[in-house]
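Protein chains in written order, with full-length UniProt numbering: chain A, 1 to 553; chain B, 1 to 453.
Just so you know, the hints here were simulated from the structure itself, not pulled from any lab data.
Just so it is clear, the structure is predicted and the values come from calculations on it, not from any experiment.
Treat the hints with care, as some may be off.
Which chain B residues stay away from chain A? Per the calculated CB distances, all over 12 Å, these [as the list claims (entries may be wrong)]:
#1 77
#2 113
#3 175
#4 208
#5 231
#6 240
#7 247
#8 285
#9 287
#10 310
#11 323
#12 332
#13 335
#14 345
Coverage of chain A stretches by chain B, computed from C-beta distances (three or more under 8 Å per stretch; other residues unrestricted) [said to hold, decoys possible]:
#15 91 to 104
#16 443 to 452
With a Cα cut of at most 25 Å, we get these calculated DMTMM-like pairs of lysine to aspartate or glutamate [stated by the list, open to error]:
#17 B:13 <-> A:128
#18 B:423 <-> A:468
#19 B:32 <-> A:445
#20 A:86 <-> B:21
#21 B:390 <-> B:326
#22 B:175 <-> B:275
#23 A:529 <-> B:426
#24 B:390 <-> A:457
#25 B:390 <-> A:471
#26 B:386 <-> A:78
#27 B:201 <-> B:226
#28 A:436 <-> B:21
#29 B:23 <-> A:425
#30 A:86 <-> A:97
#31 B:108 <-> B:76
By construction, the Cβ of each residue, glycine as well, lies at the ideal position given by its N, Cα and C atoms.
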Amino acid sequence: MASSDNVQKGGKGKVRYFFPKEPDKNGGAKFSFSRRPNERIEEQAVPKHKLKKWQKGEKAEGYAKTKFHTQKIQAQEEVFETVAEKSARSELLCTEEAGELEGENTFQISQHEIKASADEATQQKIFDLRLDQFGPYRMDYTRNGRHLLLGGAKGHVAAFDWQSKKLHCEINVMETVNDVKWLHQETMFAVAQKKWTYCYDNQGIELHCLKHLDSVLRLEFLPYHFLLCSSSAKGYLSYLDVSIGKEISGIATKQGRLDIMTVNPQSAIVHLGHANGTVTMWTPNMKEPAGKMLCHASVLRDVAVDATGRFMATTSMDRRLKVFDLRMYRELSRYQYNRKQCPGLLDFSQKGLLAVSRDNVVELYRDMATLSERPEKPYLYHRCERLITDVAFCPYEDVLGLGHSWGFSSIVVPGAGEANYDALEANPFQSKAQRKQTEVRMLLDKVHPEMITLDSEIGKVDLQTAKELQEERNKKKYLKPDKIDFTPRHKMKGGSKASKVQKRLKGVQEENMRAKVREIVRAKQAEGKFDAQNAKRKGEKASALDRFKKKIV
Amino acid sequence: MAAVRKKKNFSLKVLSRNPDDYKRETKLDIHKAPQNPESYLHPFAVEREYKRALNATKLERVFAKPFLCGLEGHRDSIEALAKFPTRLSHVLSSASDGEIRLWDLTTKKCLSHVPAHDGVVHSLCAHRSGNFFLSCGQDTNIKLWACSEEGEINPEPVRTILNKYVYQSIDHHEKEDMFVACGQSLDLWVGDRAQPYQSYKWGLDSMHFVKFNRTETHLVAACADDRSIMLYDTRGGAGVSKLVMRLKSNAISWNPMQAFVFTAACDDYNLYTYDIRNLRMATNKHEDHIAAVMDVDYAPTGKEFATAGYDRAVRIFNHTDGHSRDVYHTKRMQRVNHIMWSMDNKYILSGSDEMNVRLWKARASEKLGVLKPREKTAINTAERLKRTFKDHPEIQRISRHRHLPRLIYHYKQEHQDIKESQKRKESNRRFHSKPGAVPHVPERKKQVVDVKE
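Produce the entire structure from the sequences given, and follow the hints as far as they go.
Dropping the structure here:
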């Protein structure tokens, strides 16, 4: 029968699951839906190039001091291997494909042409809102890319689900609006108004008036820390914990008007751009900048950090666009725009596309961080009707939002967004119940603001403290503590004559001195002992060629 | 002139998700939750895990309520506790007034009680069959009692053995019909004999504690008043080995998983774990009590043991650790004389001077009862996180913190000072004397005075 043939043919690595079985004499089943015990099912090994993406760092090699610890480290390494392998295998489950636009001279392709050749759902994503009364507009997408918040400089604030075009609220705050920002979810947002900053809920009801955030120009929100960062016209950077309503830290930066602010999404460091061409990096724990970079020799226009937290792009009035590596704090590339063209606002998409606005035009570049020269032509090019005042990519969508003097435009940029979202981080399709549950989870996992540092320390070995402890232990020799401050007791009957007091004092000092000497001697002894041991250990086998070695006299 | 527009060639692919692929079909389905392990989508992964570990550690301390109930009924201080080899929920206890009680732990009630002896009941142990138990008392008798499956003790003993002198401790063999009792000598009783089958004596002093090894079933360990621990083989005529320590041991417990390991509760506030193959040095010294340790009992897993202290505290040790992992105390609990770890590894019973048997959870913050699968997963995750981040100072501080009675708190510090000063003194002495005159003696060896074979 076929089954016996299969057994013979089936090599070592062959995968066989459901295997036809001969009906046994007692009337047993013909098919067995369980693996045969002697059957070996081998998974194909994951190709190395796929594995490499998921491996984090070099594998630990060599040996620890003891066998126990060596085994422990090896076991840990195995776990890391498994994680990498499983992640690589799980790539199969990420089924959605990223967008792409291929063809000659893609920059010539207009939104009309994209709209004409795209599917209906995508056509809905290309739209313009003509709001010419209250502009220019600032805007913000929620973390899951589902909701949009618009803030017109003349007081118009609107929040809506931009995909279904369902309006949450539309209000006029009757005051200048400098910036708008969603808080951790689509239920609340903050608006930086002329004097103070206000919090509204998604029905437009004022929840809070944050009077200690005054004349704020830019707002940023750190969702994992629940921190609302604001930079003001008076040079004041403040961090407000929105979960407890407390100002965690307020820093007078002494840098003048702070109208350029961006956040590194991976490290929660705030980048501020200044008029003297520097970018300063701030954490809520330091009153001084954690880092400072002189990026341009002229006034900065905008700063942007990409989603992986590795690259920073800056533009300045010297008509240059520069890309920096944030791990090495080094300039990677610079692009000089020609006369009459000055790059303005910047934003990185999740997949690393860079949007650069200049006046009423926005250009999109691919692989900007890795190229050394500015490409001749951009990937895409779009011209708005009026001056662009805000650019922002929509997360998890191939969409770029543009705020300008005449309202808001949404354009499609194929390949901008992450195709496969992680529902435990941000879910564009979340239900109300899920939203509520996520809020609780987020609050429980709120990261402490003290942990914001230039390079994260939580997963690393604390060598500093270990060294200090070791030193302290080494100091402890169980000798009596040194008595340095000593005032001889007053004695009667001539005991406190100056000479006698001196004598006693001297005695103490000498004792102290002896102790010190003893300590040094002891340390030397110990060293000598170790040296002797090491010498023994190092002792190589005597060789006949030793006689030719240079002798140390 | 009209501009000529060239037809452009391009292929377009735009991200456009079909909501049907991402939303559940009916309300009865669970929500779809696609995942992507790409690292940039998970910023602060380590920080958030740390926070979760911190929360789990805090919750562990919040839910740490180990005291379950006091079993009340005795009218004098507790003298002995015993568990049955065949019954999980039944427990025996005896008091100084000669009464024996049988408790049911599920209902937390006394099932039956008998006035067993005139005067103190010194020791109790269950028969290997589980239907009988033995007791010895101040009235020099050893009595064998029958108790039914329901926990009813027959008021008349099945058998009474009259002796010349008082027995302090009694223990039954794991498999065979024999038991040992110790007092002025160690006597082995077999079958229905009226006289001891064998009598062992090594030295002059009397013995106060005896315990059969449950794995190497013929091996018996006994503690004597001359500060010694003796090992006997019931198949032989004389002792196997004798270990003399600086201070007397009050009780010992054999490790149920390692036949050659036992832990002795010593009068010098410490416990010592010995390997019987080398008694010259303990394998471990367990410190933390601030008064004599009265009793010790291993968990059935052999990984942990509980101790009863004269300092009114119960402590739980990991068998490889030098310091306790937990300490239980209540305001009203007086000197704890007896301790027992239940056979399902979940509960600890302590018997103390003020007439109470107390029931504790073995793991203070464990949730009792049936767990749902998701609950179990959550608990396992929390355990793993706690283990991963256990060395971080904040987590270490929270998980290690125990509220202690003032007495224990202050004495602990005092003992620390004393130890420190002794160390300093020894070091100074060593420094000022000829090299080698003051040798380094390991802490685990200091208490051993002599070992005789």
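Evaluated hints:
At roughly 44 Å, the least C-beta separation between residue 77 (chain B) and chain A is larger than 12 Å, which holds for a residue marked as non-interface. Distance check on residue 113 (chain B): its Cβ is at least 50 Å (rounded) from any Cβ of chain A, clearing the 12 Å threshold; non-interface status holds. Annotated as non-interface, residue 175 (chain B) keeps its C-beta farther than 12 Å from every C-beta of chain A; the closest such distance is 36 Å. With a least beta-carbon separation of about 39 Å from chain A, residue 208 (chain B) lies farther than 12 Å from that chain, consistent with its non-interface assignment.
With a cut of 12 Å on Cβ distances, residue 231 (chain B) stays outside the contact zone with chain A, its closest approach being about 31 Å. The beta carbon of residue 240 (chain B) sits about 33 Å from the closest Cβ of chain A, which is more than 12 Å, so the claim that it is off the interface holds. Under the 12 Å C-beta cut-off, the non-interface status given to residue 247 (chain B) relative to chain A holds; the minimum distance is some 25 Å. With a least CB separation of 20 Å from chain A, residue 285 (chain B) remains clear of the 12 Å interface cut-off, as annotated.
Against chain A, the non-interface label of residue 287 (chain B) holds: every CB pair exceeds 12 Å, the least being about 19 Å. With a least beta-carbon separation of about 31 Å from chain A, residue 310 (chain B) lies farther than 12 Å from that chain, consistent with its non-interface assignment. With a cut of 12 Å on Cβ distances, residue 323 (chain B) stays outside the contact zone with chain A, its closest approach being about 18 Å. Every CB of chain A is more than 12 Å from the CB of residue 332 (chain B) (nearest about 37 Å), matching its label as outside the interface.
Taking the minimum C-beta to C-beta distance to chain A, about 35 Å, the non-interface status of residue 335 (chain B) holds against the 12 Å cut. Every C-beta of chain A lies more than 12 Å from that of residue 345 (chain B), the closest at about 26 Å, which supports listing it as non-interface. Coverage of the stretch 91 to 104 of chain A by chain B holds [criterion: at least 3 residues with CB-CB distance below 8 Å; count 11]. With 6 residues carrying a beta carbon less than 8 Å from a beta carbon of chain B, the stretch 443 to 452 of chain A meets the three-residue requirement, and the given coverage holds.
Using a Cα cut-off of 25 Å, the hinted pair residue 13 (chain B) and residue 128 (chain A) holds, with the two alpha carbons roughly 22 Å apart. Taking the CA atoms of residue 423 (chain B) and residue 468 (chain A), the gap is near 22 Å; set against the 25 Å cutoff, the hint holds. Restraint check: the Cα-Cα separation between residue 32 (chain B) and residue 445 (chain A) comes to about 22 Å, which is no more than 25 Å; the hinted pair holds. Note on residue 86 (chain A) and residue 21 (chain B): the hinted pairing holds, with a Cα-Cα distance of about 24 Å set against a maximum of 25 Å.
About 16 Å separates the Cα atoms of residue 390 (chain B) and residue 326 (chain B), which keeps this hinted pair within 25 Å; it holds. Between residue 175 (chain B) and residue 275 (chain B), the direct Cα distance comes to roughly 23 Å. Compliance with the 25 Å bound is thereby established for this hinted pair. The hinted pair formed by residue 529 (chain A) and residue 426 (chain B) meets the criterion: a straight-line CA distance of about 21 Å does not exceed 25 Å. Taking the CA atoms of residue 390 (chain B) and residue 457 (chain A), the gap is near 16 Å; set against the 25 Å cutoff, the hint holds.
A threshold of 25 Å between alpha carbons decides the hint, and for residue 390 (chain B) with residue 471 (chain A) the separation of about 23 Å falls inside it, so the pair holds. As the CA atoms of residue 386 (chain B) and residue 78 (chain A) are separated by approximately 20 Å, the hinted pair is consistent with the 25 Å bound. Between residue 201 (chain B) and residue 226 (chain B) the CA atoms are separated by roughly 12 Å; this keeps the pair inside 25 Å, and the hint holds. At roughly 22 Å between alpha-carbon atoms, residue 436 (chain A) and residue 21 (chain B) fall within 25 Å of each other, so this suggested pair holds.
A hinted pair counts as satisfied when its Cα atoms are at most 25 Å apart, and residue 23 (chain B) with residue 425 (chain A) qualifies at roughly 16 Å. Taking the CA atoms of residue 86 (chain A) and residue 97 (chain A), the gap is near 20 Å; set against the 25 Å cutoff, the hint holds. Straight-line distance between C-alpha atoms of residue 108 (chain B) and residue 76 (chain B) comes to about 19 Å, which keeps the hinted pair within the 25 Å bound.
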